[in-house]
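Trainee: Each chain, written out:
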Amino acid sequence: MSEIHTIDEQMLVAFYRNLYFARRFEETLADMFRRGEIDGWLHSGIGQELVGVILGVTLQAHDYIVPYHRSKATFLARGVPPRALIAEILGRQSGICGGVGGEAHAADVSHGIFGSTGVIGAALPLALGAAFVQLYRHTDGIAVCGFGDGATTQGSFHESMNLAALWNLPIVFICENNLYSEMTPLSKEMKETRIAKKAEAYGMPGIAVDGYDLDATYTVLQEAIARARENQGPSLIEVKTYRWHGHYEGDPEEYRDKNEVEAWRARDPLPLLRARVHDQGILDSQQLLDLEKNFEDLLSEAVAFAKASPYPTPENLLSNVYATNTSA
Amino acid sequence: MSQLSYRRALTQAIDEEMARDAGVFLIGEDVADSGGAFGLTRGLLAKYGEMRVRDTPISEEAIVGLGIGAAALGLRPIVEIMFMDFIFLAMDQIANHAAKMRYMYGGQVHIPLVVRTLSGGGFRAGMHHSQSLESVFGHIPGLKVVMPSDAYEAKGLLKSSIRDPDPVIFMEQKSLLGAKVEVPDNDYLIPLGVAKVRRTGSDVTIVAIGIMVSHTLQAAEELAQEGIEAEVVDARTAMPIDSDTILNSVKKTNRLVVAHEAPAPFGFGAEIAALAAEKALYYLDAPVIRVTSKFTPIPVGRSEDYILPGKKDIVEAVHRAIKGG
Amino acid sequence: MEIRIPKIGVENGDVVIQQWLKSPGEPVHKDEIIAILETDKVVTELSSPGDGVLHVVVTEGQRAKMTEVIGHVLEGSEVKGASMREENHRANPSVRRLAESMGVDLSNIPAEKSYRRITRHDVLQAADDAKSPVEDLSDHLVPATPLARALSRQWAIDLGGIEGSGPHQEVLATDVRRVRLTTAPAPPSTDLDSRPSSGGRTPLTPMRQTIARNMMQSLAESAQMTLMGWLDIEPLFKVFQALQEDREYLGVRPSWSAIFVKVLAVAVAANPVLNGRLAGQEWVQWGAINIGVAVDTERGLLVPVIREADHKTLVAIHRELAELAAKAREARLSSDEMSEGTVTLSNFGSFGGEWGTPILNRGQTGLLGIGALEKYAAVDRDDRVVVGYRMPYSLTVDHRVVDGAVAGRFIKTLKGVVNRPTRLL
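Residue numbers (my numbering), protein chains in the order written: chain Y, 1 to 328; chain R, 1 to 325; chain G, 1 to 425.
So that you can see chain Y by itself, here it is in the shape it has in the complex (with noise of 0.2 Å):
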């Protein structure tokens, strides 16, 4: 297997860029939110966002992500344009998907995300397509699929799982276990709460790694993307993460310890990760705050902008529903 690269000063700085950046987006989501100027539903990824940072950050251009629903941080980092993933949020016609697809239905493949999903569990079958094409064209490239622990219990982890390891298939399995499927705590959706463990049973490796761990997950992803890469076969990781927000934007929580809470914040990676560019000398005080007020500008403007930015119309609406001209 190839050796895996450390972190080095430049990765470094992008990941806390793209930290920070995931970090603040959703908190600007969360709050437009609860001032009434988002439609349907928020599913808030605040207190994950490492793990889709990571991924955005390392993975190839000719690589495909099936993203973790919650994962906003995926989007940014593999390089979607913030004003458009808020404008798809918002319903509008300048978003991603044109704004019929919204929070939970968007890809931007483009940028080889494919394969977001309303369903839990759904996911997994269109990874192995994603991972299947890169076979079967002969590339080094990979599909990386992002689900949550509740997708396990479903019967596509299991045939999935199965047929990518049975086919060999350059996929990299990313459990995201944060402990709860939807408002419900993992002890009662399962007897066997370690998901790793359960990749033994397919026939491929299985690893659980601390998601508030830069280095730890940082490593354990490019140790399963290089074997994925190298065709020695598919890996299940279950990345150990939190939820700061609810189920929902609106969730009251009544199912979990406000203390359980505050413990998994008081080990926030951004604090941390800011620290270690600023102590490294890799930025000053002064670079810090200018590329964070850059990143203000940013959000601020895609914020306008999606606002600004019309619903589709019914011509738009009745679209798409057939490449060809069709209907009934």
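Some hints could be false.
Result set (DMTMM-like, lysine to aspartate or glutamate): computed pairs, CA atoms no more than 20 Å apart in a straight line [stated by the list, open to error]:
hint, chain 1, residue 1, chain 2, residue 2
1, R, K323, G, E163
2, R, K47, R, D185
3, R, K323, G, E170
4, R, K252, R, D242
5, R, K159, R, E182
6, G, K375, G, E354
Hints are computed from structural coordinates only; laboratory data are not their basis.
Position chains R and G relative to chain Y; hints supplied.
Mentor: Just chains R and G now, with coordinates in the frame of chain Y:
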């Protein structure tokens, strides 16, 4: 041109398309090594290799999902679901993903996927190996549903389905597998959504689909003996519906019978009846009559013959239509 | 001010409010036409009794009895809250509560008599009626296939008169085609497809639709026979000339129509075989002789009635007819003025016609059509050729009750009157 069975016509269609387009691949249970449960894909593995002709585990949801993913990213998968009854296991992937993905991603992708499956009775194999589910899929925006009525149709329609940019549920008619008709050896396509008038007549229009087309053609011959000239329209696809061909015929004959093997409620016949009611009411001189299976699961053995519709039911329906109800 | 159904027709029957020409709450003016009413015999217009705002009690398509109040013209302060008062007026609170609980709309319950309040029984009845709409329809709806219906509309064939050959006697297209073949020459095309229509299409006015329906029904209901011949008009021509000379006294231009109203009335009085109607298995003889006169207007044929014409002078008839005809053309004719005709006169001579086969007004037994007066070479008693004056006539009778001989005797009576104008005095 040669006499070819329905089964061989399908094999030929897949073979020709795989030879024509390197993006076409075939996966399914038993399709590779054993050449398919009915020998339909025999010889393809040897010709195209394991990457393009693959056996899969019994995992309907995973293999259809894989097909959708591959289709969205540029390949042309043919996924075989051995019997249509099993397709419910893949329903989330078909209904929520194959059908909706183009729309929900704002047109960024299209899904040139063909799900081939054996449908209908004829093997007397009971409720889990005999259904026709065209109306389940015709109801979902984004899907196309094809039901070829003989070997000629099977080849032309399958080739068109493989080349079509949208997801197609391709319902192979079990009881026609051995039936032979003249089939051209060369490449020809039958467009999806264009019905075919298989027999012209002035007294009644019978819109039939799938296996019911052959029953209907036989019924029409019998009716002609008594002086009733039935026009037989082979719908070919349950979705899209060729409204023009059907309505033109109804306007000519003023009577409509619809025949399909699935049960009546919410079925293809209901849709065609509604079409006539909406667009040709003042041309109707008799109630629209549906010839369908009875509203039960399909029992095993020869009891199937009682439940499924046949030539006799069509003749009776036409008699009623001619009398005015 | 109350808007009442006037008395229309000889017998008491229901009137259908075919159309309100004004919407509730819209201002209306005295004598303005505000509604179109329809009985099974005539269609008539109803004018506003005064100035004010329209309030509708009986809605379009509903039936009402003669003299029933079907609406109000509200003035000034009445307008506000009128509908509430109307409801209060028509039903007491407990009946209103019952209606509400059963989902019955009180405004849909026609009061049997004006001022009669709606009772619990009425509400229960209305709720029952609403439960069985199929039963309700059966009186009015002839079961027919959509194609049969479309063809019958296209060819103006009344479905009600057709015996259906469907499994439950439904009328099928073939039945309509059969009736058409036996009743009318084939039009150039039978194609239902809308051929490019060269001159466009115009929907019929409600009034025209009713006329069309009445004509078809009249033909379907009775066995009409028309006898034709000449009337020697020489003696009457002298009367006409005398009237012309005395125009100033008459006040209007002398008219052959008016003269023949009197002629017909006198003949009917002398020989009343046409003054009645066949009702089921019974002959109903009428006492009064009321002559309807067909008047051609822009909107269609109207038939104002000169009542008891046998008792009126020629001069009075002239004046009355002139007034009625003017009203007809100005659409001011009240339904009273068109009701209760017993025999009808149609003067197609006024537009140059000679003979015709006029269609009976529904419920009548005789209609006299007269053509244009002409000079001809007559032979007098001394076999000399002289200038004579004559007029073609066409008498339509209902052959179910009037045989050729009976009709012939009536014509003889008629000729007797025409030859002896003194009988008109």
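Trainee: All the hints need checking, so say for each whether the structure fits it.
Mentor: The hints, checked one at a time:
Of the pairs offered as hints, the one joining R/K323 and G/E163 holds, with about 15 Å between alpha carbons and a cut-off of 20 Å not exceeded. For the given pair, R/K47 sits about 18 Å from R/D185 by alpha-carbon distance, which is consistent with the 20 Å threshold. Note on R/K323 and G/E170: the hinted pairing holds, with a Cα-Cα distance of about 10 Å set against a maximum of 20 Å. The suggested pairing of R/K252 with R/D242 holds, with an alpha-carbon distance near 16 Å, which does not exceed 20 Å.
As the CA atoms of R/K159 and R/E182 are separated by approximately 17 Å, the hinted pair is consistent with the 20 Å bound. This hinted pair checks out: G/K375 and G/E354 have alpha carbons roughly 13 Å apart, not beyond 20 Å.
The structure is consistent with each of the numbered hints, conforming to all of them.
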